[in-house]
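Chemist: Listed below are the residues making up each chain.
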Amino acid sequence: MKVFPALTAVATAGVLAALYMVFEYAPLEADMGVVQKIFYFHLPSAWLCYLGFLIGAGASAGYLWGKGPKWDLFALSAVEVGLLFGAIVLVTGPLWARPVWGVWWKWEPRLTTMLLLIIFYAAYWVLRVYGGESEGVRRFAAALGVFGAPNIYFVNQAVKMWRGVHPDVIRGGGLAPSMWTAVWVSLAALLLVFALLLTLRYRARRDERAARLLRRRLGRIGGLS
Amino acid sequence: MSGGYLDIVLTMLVKDLRIELRSKEVLLTLLLFGLVMVLVFAFGFATDPAVSRAVMPGILWTTLLFSGTLAIGRTFARESKDGAFTALVLSPAARSAVLLAKIIANIGLMALVMVLLVPVLAVMLRVDLSPHAGIIALQIGLGAVGFTVVGTPLAVMAVNARFAEVLLPLVVFPLASPVLIAGVNATGAVLGTVVDPDPAPWMKLMTAFDAIYAVGGLFLFERMVTE
Numbered sequence: 000m001k002v003f004p005a006l007t008a009v010a011t012a013g014v015l016a017a018l019y020m021v022f023e024y025a026p027l028e029a030d031m032g033v034v035q036k037i038f039y040f041h042l043p044s045a046w047l048c049y050l051g052f053l054i055g056a057g058a059s060a061g062y063l064w065g066k067g068p069k070w071d072l073f074a075l076s077a078v079e080v081g082l083l084f085g086a087i088v089l090v091t092g093p094l095w096a097r098p099v100w101g102v103w104w105k106w107e108p109r110l111t112t113m114l115l116l117i118i119f120y121a122a123y124w125v126l127r128v129y130g131g132e133s134e135g136v137r138r139f140a141a142a143l144g145v146f147g148a149p150n151i152y153f154v155n156q157a158v159k160m161w162r163g164v165h166p167d168v169i170r171g172g173g174l175a176p177s178m179w180t181a182v183w184v185s186l187a188a189l190l191l192v193f194a195l196l197l198t199l200r201y202r203a204r205r206d207e208r209a210a211r212l213l214r215r216r217l218g219r220i221g222g223l224s
Numbered sequence: 000m001s002g003g004y005l006d007i008v009l010t011m012l013v014k015d016l017r018i019e020l021r022s023k024e025v026l027l028t029l030l031l032f033g034l035v036m037v038l039v040f041a042f043g044f045a046t047d048p049a050v051s052r053a054v055m056p057g058i059l060w061t062t063l064l065f066s067g068t069l070a071i072g073r074t075f076a077r078e079s080k081d082g083a084f085t086a087l088v089l090s091p092a093a094r095s096a097v098l099l100a101k102i103i104a105n106i107g108l109m110a111l112v113m114v115l116l117v118p119v120l121a122v123m124l125r126v127d128l129s130p131h132a133g134i135i136a137l138q139i140g141l142g143a144v145g146f147t148v149v150g151t152p153l154a155v156m157a158v159n160a161r162f163a164e165v166l167l168p169l170v171v172f173p174l175a176s177p178v179l180i181a182g183v184n185a186t187g188a189v190l191g192t193v194v195d196p197d198p199a200p201w202m203k204l205m206t207a208f209d210a211i212y213a214v215g216g217l218f219l220f221e222r223m224v225t226e
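Respectively, the protein sequence lines represent chains Y and D.
For the record, in the first sequence the residue sitting at position 64 is 63 according to numbering that gives the first Met the number 0, with numbers rising by one throughout.
For the record, in the second sequence the residue sitting at position 176 is 175 according to numbering that gives the first Met the number 0, with numbers rising by one throughout.
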């Protein structure tokens, strides 16, 4: 398997290119100054967080509809990587919001939806990792993964109505074209990192499972207990 | 048992109701817990009448959510002993029929608890709810249905997983948060404690939530449970 080293090399180059685009190529934003640079990592991370959860929900549905244990492991790995990018979002967001909005946090639809979703999938993760190793827990977690999807709509809707009909538009619509170029390069680089991490986590989980099954077989033969 | 879908629902429901009516264990526990919640909130927030009125919707809905969580955690408690749950799953009865019976039982239980608890809450916090009793009852009904259709299928977890008593609220609260937001604002609209005095959009949102999760839960439950 020579794909993995190649992927690592491309991802590293991509991240370096993204750093160049963000700090050298994209112009300094007039109002916000250097703080705005956070945005180039914040926005792609938010998208990738959603991507991880969506892959997790899709793979969970696949597992529920009889696709075998690999789909369950893939769902867990995707949610894990999604949670990592969610953590990046939750750290970079307030760092940007404090100087620009004047507050660390706002109960704004996008923020609230993201936070609730991260908490929900963190609970999925806790259940899956600490809830015990049984078919019941795996199936239950898969159902949870699917349950989370319609909730995105309802939470978003509820918070929009709660905060009135004038939602705060996050400043970003007025980006210069060169800034958008930097956003896309950063997204591409982080997408490579996402793929890399997902591959790593999935392989580790798959090998863990294979080792566990082997142990059990050996135990049955009479070697280990 | 003739085995029709509604027969199964009815049989399960009657069985659960009969046991509960004889022992009253869940109902009494929930009522006492609800009273303790009312006390905690009264000590925590109710300093003067204006404040009481402002926090009333929040107190009412958190009480519903917390006591609902207790009720839901008990859903399959009786079946978890002596392999009864396995027998239930292995039986030819449609699993969604079993779930439907449990959902109806939980809704009834929560409705009963709230009917008894809300007047106590109103009296102790000195907020007159009687002019709006009908619409508040309807809102609580919608909320109880929403919370129950989300929570009851998840209660199967308690049969299988470790840490279920911690994990269940952890997954149910984020899922049910649209119900909480909608409920607090709908009741607030009726009591005049929020800006917008129209509860209708909130109640529509709750209705949509109830419908989607009721159908989705019954549909997924078939695949969620294994022998």
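Among the hints, erroneous ones may be present.
What the hints assert, rightly or not - In the DMTMM-like style, the derived pairs of lysine to aspartate or glutamate whose C-alpha atoms are separated by at most 25 Å in a straight line are:
hint, chain 1, residue 1, chain 2, residue 2
1, Y, K1, Y, E107
2, D, K203, D, E164
3, D, K23, D, D127
4, Y, K105, D, D47
5, D, K80, D, D127
6, D, K80, Y, E132
7, Y, K159, Y, E28
8, D, K203, Y, D206
9, D, K14, D, D195
10, Y, K66, D, E78
11, D, K14, D, E24
12, D, K80, Y, E134
13, Y, K1, Y, E132
14, Y, K159, D, E24
15, Y, K159, Y, D206
16, Y, K105, Y, E207
17, Y, K105, Y, E23
18, D, K23, D, E221
19, Y, K159, D, D197
20, Y, K1, Y, D206
21, Y, K1, Y, E134
22, Y, K69, D, D195
23, Y, K36, Y, E23
24, D, K23, D, D81
Stated by the list, open to error - To give an idea of the interface, some chain D residues facing chain Y are shown, with a C-beta separation under 8 Å as derived from the structure:
hint, residue
25, F44
26, P48
27, M156
28, F162
29, V170
30, P173
31, L174
32, A210
33, V214
34, L217
For the record, the hints were derived by calculation from the structure and aren't laboratory data.
Small disclaimer: the values here were computed from a predicted structure and weren't measured.
Idealized CB from N, CA, C, for every residue including glycine.
Chemist: Evaluate each hint against the coordinates.
Modeler: Tested hints:
1. K1(Y) with E107(Y): 45 Å, violated
2. K203(D) with E164(D): The given pair, whose Cα atoms are some 32 Å apart, is violated under the 25 Å limit.
3. K23(D) with D127(D): 30 Å, violated
4. K105(Y) with D47(D): Judged against 25 Å, a Cα distance of about 29 Å means the pair is violated.
5. K80(D) with D127(D): 45 Å, violated
6. K80(D) with E132(Y): Since the Cα atoms of K80(D) and E132(Y) sit roughly 20 Å apart, the hinted pair holds (cutoff 25 Å).
7. K159(Y) with E28(Y): 29 Å, violated
8. K203(D) with D206(Y): Outside the cut-off at roughly 48 Å; violated.
9. K14(D) with D195(D): 45 Å, violated
10. K66(Y) with E78(D): Judged against 25 Å, a Cα distance of about 29 Å means the pair is violated.
11. K14(D) with E24(D): 15 Å, holds
12. K80(D) with E134(Y): Holds, because 19 Å separates the two Cα atoms, which is no more than 25 Å.
13. K1(Y) with E132(Y): Between K1(Y) and E132(Y) the Cα gap is close to 33 Å, so the pair fails against 25 Å, i.e. violated.
14. K159(Y) with E24(D): Since the Cα atoms of K159(Y) and E24(D) sit roughly 41 Å apart, the hinted pair is violated (cutoff 25 Å).
15. K159(Y) with D206(Y): 44 Å, violated
16. K105(Y) with E207(Y): This hinted pair is violated, its Cα atoms lying about 41 Å apart.
17. K105(Y) with E23(Y): Cα-Cα ~31 Å, so violated.
18. K23(D) with E221(D): 30 Å, violated
19. K159(Y) with D197(D): Holds. K159(Y) to D197(D) sits at ~16 Å (cutoff 25 Å).
20. K1(Y) with D206(Y): Given pair K1(Y), D206(Y) holds - Cα atoms ~18 Å apart, limit 25 Å.
21. K1(Y) with E134(Y): 34 Å, violated
22. K69(Y) with D195(D): With Cα atoms ~50 Å apart, K69(Y) and D195(D) exceed 25 Å; violated.
23. K36(Y) with E23(Y): 11 Å, holds
24. K23(D) with D81(D): 21 Å, holds
25. F44: The hint is violated - F44(D) has no Cβ within 8 Å of chain Y, the shortest such distance being about 20 Å.
26. P48: 25 Å, violated
27. M156: 5 Å, holds
28. F162: F162(D) check passes; min Cβ-Cβ to chain Y is 6 Å, inside 8 Å.
29. V170: For V170(D), the interface hint holds, since the closest Cβ of chain Y sits about 5 Å away, which is under 8 Å.
30. P173: It holds, given that the least Cβ distance between P173(D) and chain Y is near 4 Å, below 8 Å.
31. L174: Since the shortest Cβ distance to chain Y is 6 Å, the answer is holds.
32. A210: 11 Å, violated
33. V214: 10 Å, violated
34. L217: 12 Å, violated
Comparing the model with each numbered hint stated earlier shows that hints 1, 2, 3, 4, 5, 7, 8, 9, 10, 13, 14, 15, 16, 17, 18, 21, 22, 25, 26, 32, 33, 34 do not hold.
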